[in-house]
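Number of protein chains: 2
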Amino acid sequence: MSSDQETLAWLRLGLIAELTPTGLRKLLAALTTPEGVCAADRATLARVVPDHVAAAIARGPDPERLDAAQRWLEDPANQVVTLADNAYPRLLLEIPDPPPLLYVKGNPALLDHASLAVVGSRNATQQGRSNAEAFSRELSDGGFTIISGLALGIDAAAHAGGLVGLSSSIAVVGTGLDIVYPARNRDLAHRLAEEGALVSEFALGTPALASNFPRRNRLISGLASGCLVVEAALKSGSLITARYALEQGREVFAVPGSIHSSLSKGCHLLIKQGAKLVESSQDILEELGAAVHDRSTTIASADEIALDNPLLAALGFDPIDLDTLCQRSGLTPDTASAMLLTLELEGVVSRLPGGKFQRVR
Amino acid sequence: MSSDQETLAWLRLGLIAELTPTGLRKLLAALTTPEGVCAADRATLARVVPDHVAAAIARGPDPERLDAAQRWLEDPANQVVTLADNAYPRLLLEIPDPPPLLYVKGNPALLDHASLAVVGSRNATQQGRSNAEAFSRELSDGGFTIISGLALGIDAAAHAGGLVGLSSSIAVVGTGLDIVYPARNRDLAHRLAEEGALVSEFALGTPALASNFPRRNRLISGLASGCLVVEAALKSGSLITARYALEQGREVFAVPGSIHSSLSKGCHLLIKQGAKLVESSQDILEELGAAVHDRSTTIASADEIALDNPLLAALGFDPIDLDTLCQRSGLTPDTASAMLLTLELEGVVSRLPGGKFQRVR
Numbered sequence: 001m002s003s004d005q006e007t008l009a010w011l012r013l014g015l016i017a018e019l020t021p022t023g024l025r026k027l028l029a030a031l032t033t034p035e036g037v038c039a040a041d042r043a044t045l046a047r048v049v050p051d052h053v054a055a056a057i058a059r060g061p062d063p064e065r066l067d068a069a070q071r072w073l074e075d076p077a078n079q080v081v082t083l084a085d086n087a088y089p090r091l092l093l094e095i096p097d098p099p100p101l102l103y104v105k106g107n108p109a110l111l112d113h114a115s116l117a118v119v120g121s122r123n124a125t126q127q128g129r130s131n132a133e134a135f136s137r138e139l140s141d142g143g144f145t146i147i148s149g150l151a152l153g154i155d156a157a158a159h160a161g162g163l164v165g166l167s168s169s170i171a172v173v174g175t176g177l178d179i180v181y182p183a184r185n186r187d188l189a190h191r192l193a194e195e196g197a198l199v200s201e202f203a204l205g206t207p208a209l210a211s212n213f214p215r216r217n218r219l220i221s222g223l224a225s226g227c228l229v230v231e232a233a234l235k236s237g238s239l240i241t242a243r244y245a246l247e248q249g250r251e252v253f254a255v256p257g258s259i260h261s262s263l264s265k266g267c268h269l270l271i272k273q274g275a276k277l278v279e280s281s282q283d284i285l286e287e288l289g290a291a292v293h294d295r296s297t298t299i300a301s302a303d304e305i306a307l308d309n310p311l312l313a314a315l316g317f318d319p320i321d322l323d324t325l326c327q328r329s330g331l332t333p334d335t336a337s338a339m340l341l342t343l344e345l346e347g348v349v350s351r352l353p354g355g356k357f358q359r360v361r
Numbered sequence: 001m002s003s004d005q006e007t008l009a010w011l012r013l014g015l016i017a018e019l020t021p022t023g024l025r026k027l028l029a030a031l032t033t034p035e036g037v038c039a040a041d042r043a044t045l046a047r048v049v050p051d052h053v054a055a056a057i058a059r060g061p062d063p064e065r066l067d068a069a070q071r072w073l074e075d076p077a078n079q080v081v082t083l084a085d086n087a088y089p090r091l092l093l094e095i096p097d098p099p100p101l102l103y104v105k106g107n108p109a110l111l112d113h114a115s116l117a118v119v120g121s122r123n124a125t126q127q128g129r130s131n132a133e134a135f136s137r138e139l140s141d142g143g144f145t146i147i148s149g150l151a152l153g154i155d156a157a158a159h160a161g162g163l164v165g166l167s168s169s170i171a172v173v174g175t176g177l178d179i180v181y182p183a184r185n186r187d188l189a190h191r192l193a194e195e196g197a198l199v200s201e202f203a204l205g206t207p208a209l210a211s212n213f214p215r216r217n218r219l220i221s222g223l224a225s226g227c228l229v230v231e232a233a234l235k236s237g238s239l240i241t242a243r244y245a246l247e248q249g250r251e252v253f254a255v256p257g258s259i260h261s262s263l264s265k266g267c268h269l270l271i272k273q274g275a276k277l278v279e280s281s282q283d284i285l286e287e288l289g290a291a292v293h294d295r296s297t298t299i300a301s302a303d304e305i306a307l308d309n310p311l312l313a314a315l316g317f318d319p320i321d322l323d324t325l326c327q328r329s330g331l332t333p334d335t336a337s338a339m340l341l342t343l344e345l346e347g348v349v350s351r352l353p354g355g356k357f358q359r360v361r
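Chains A and P, in that order, are what the protein sequence lines are.
Here my numbering is used: the first residue of the first sequence is 1, the next is one more, and so on.
Here my numbering is used: the first residue of the second sequence is 1, the next is one more, and so on.
If we strip away everything but chain A, and leave its shape as in the complex, we get (with noise of 0.2 Å):
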């Protein structure tokens, strides 16, 4: 993708602690390239971005922490995807803030397939774990690949079910991709580096810092069309990713439970704040305008209706009122009444102002 060069001069700055994404964009306009970045003298840098972060460029990264990185990309399952490369996610390029740099292991092909994030608590219940299984099993079986944390609970059973289905599963980790955390979910990383993808914009090294979940938090909704909450608490982790999804533009599902439950809070919280409540796959797949599942083979048509209701005749397809109606069908008030109100339910039937009755299908 980059040559030698290129590559080596992205994986020196994504070793600079004090550098932000921010800072570097800053920088990749100012100077156009990772190897003018590189190449610039302090004062140049210092012109763009604050003095001690020209200077921390300057001085350039630990030659330990680079000797490894270069290593880790002599693996052919490890690659780095950047900014300027086309196979950099177009989705993450939408959100305010996307990372210059990812570091992935296993497929880069599935950072560009349609996705869906599928998050929820460390501390679920069974019903939760298997529900996220469930959910993301099918969903992946419906086209969307599941991007979840790597976090024990609701992520790992997102990305146990992802792995299964038909559209394997992505995870976007807190750490350099050299670590495994938690180390409980050591088996399924490998699993996802060999069948899925892991992605990370920590540089290699990086361990398990509580300040770096919540901003990587944002990639996991970034690089998916839509965020479904699982299982939460309120101030979760999950709520971090559900809020980004919203600034990102991105739907938010949300399963709801027992208002008694504490990891239902979260997800209830969401739907008051204009989540969807979902009880299904399917309520996710139709929304997103994926649905396989033909509705008009579940529908009876107008004429196997009517078979199956007088009323239907004497309805017809104008509005009426209720004694017109008694009139021409011979049925009194009482049992037409309870005729409509069946028919309204079943959406064949409408309810017009001034108590007239329209047949609608």
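Because the hints were derived from the structure by calculation, they are not lab data.
These numbers were taken from a predicted model, which means no experiment stands behind them.
Please note that a few of the clues may not be correct.
[What the hints assert, rightly or not] A partial selection of chain P residues facing chain A, derived with a Cβ cut-off under 8 Å:
no. : residue
1   : Ile-259
2   : Leu-322
3   : Asp-323
All residues carry an ideal CB built from backbone N, CA and C; glycine is no exception.
Based on the hints, put chain P in the right spot on chain A.
Relative to the frame of chain A, chain P by itself:
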């Protein structure tokens, strides 16, 4: 409220099964008073309503039922309230099909009290009944009379909760008021008659007919400012009530539950269609503008927050980007990002387009 002659005329007309509320309103518009309608001949009546209805009115009601209705009215607990009375419930005048005549047992003043409908399944779960009772007790304490349908399950729990609270409860029933249906709720009906009220639009002696219950539901929603559905299956009577509430411009509230419970599917459907998900009576009281909870005591003042958080001193109330904030505060980008996210989640800091942040309180 009315003269004896007028009351007798209303009672007579209420006993004509063929006469719909719409038909009676048309006749009153044409002939001014119920006495005028009763005195009119068949030909006059037939200019306004279909001939078979005119014939039934001219024939008059079964004398035995009329006698029974007059005897029922002799009990001081019993009354009829008509469209012509000041005591007729104001909210009911707004619905498309207000009943011309209401039979009332108990305290008629409750009919014009602020009220909420609480409805749900007859086959409710223990948890659902417990929720209905708790919501209703708290809403009754919060100033809302609880309206429901005297059915087993959620309805009975709602009445019980409403009666315990400060604002009592009203049952709108689907039979004549001289009949208690279901018989298992006889004790509850007696408590409602003594401490609350029972209301029906159906003539005395009207037995429990399946067709009358859905029609009755429009009065449950129509008498109330909003409708709470606690547990409901798809295609249930509770959904008919909720649909009436929407048509009547009332707020609809629904309690969520497990996606695997058939008794939550009706509530979830309503939420998908725009009903408000509620987790507590407070949610409803706040929505209806009757919140007694003083939020100002639970939100820390700006000064208290600033003392706890070094970032806020550097942040100020103007938009600022992360690099500048790090320069000012001496914090690393990672630490500052994590702190900003926490503050965002607490509603203290807002993220602006272009990667800037602003303190909002």
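Here's how the hints hold up against the structure:
| no. | hint | result |
| --- | --- | --- |
| 1 | Ile-259 | 4 Å, holds |
| 2 | Leu-322 | 6 Å, holds |
| 3 | Asp-323 | 6 Å, holds |
Consistency note: the structure conflicts with none of the earlier hints.
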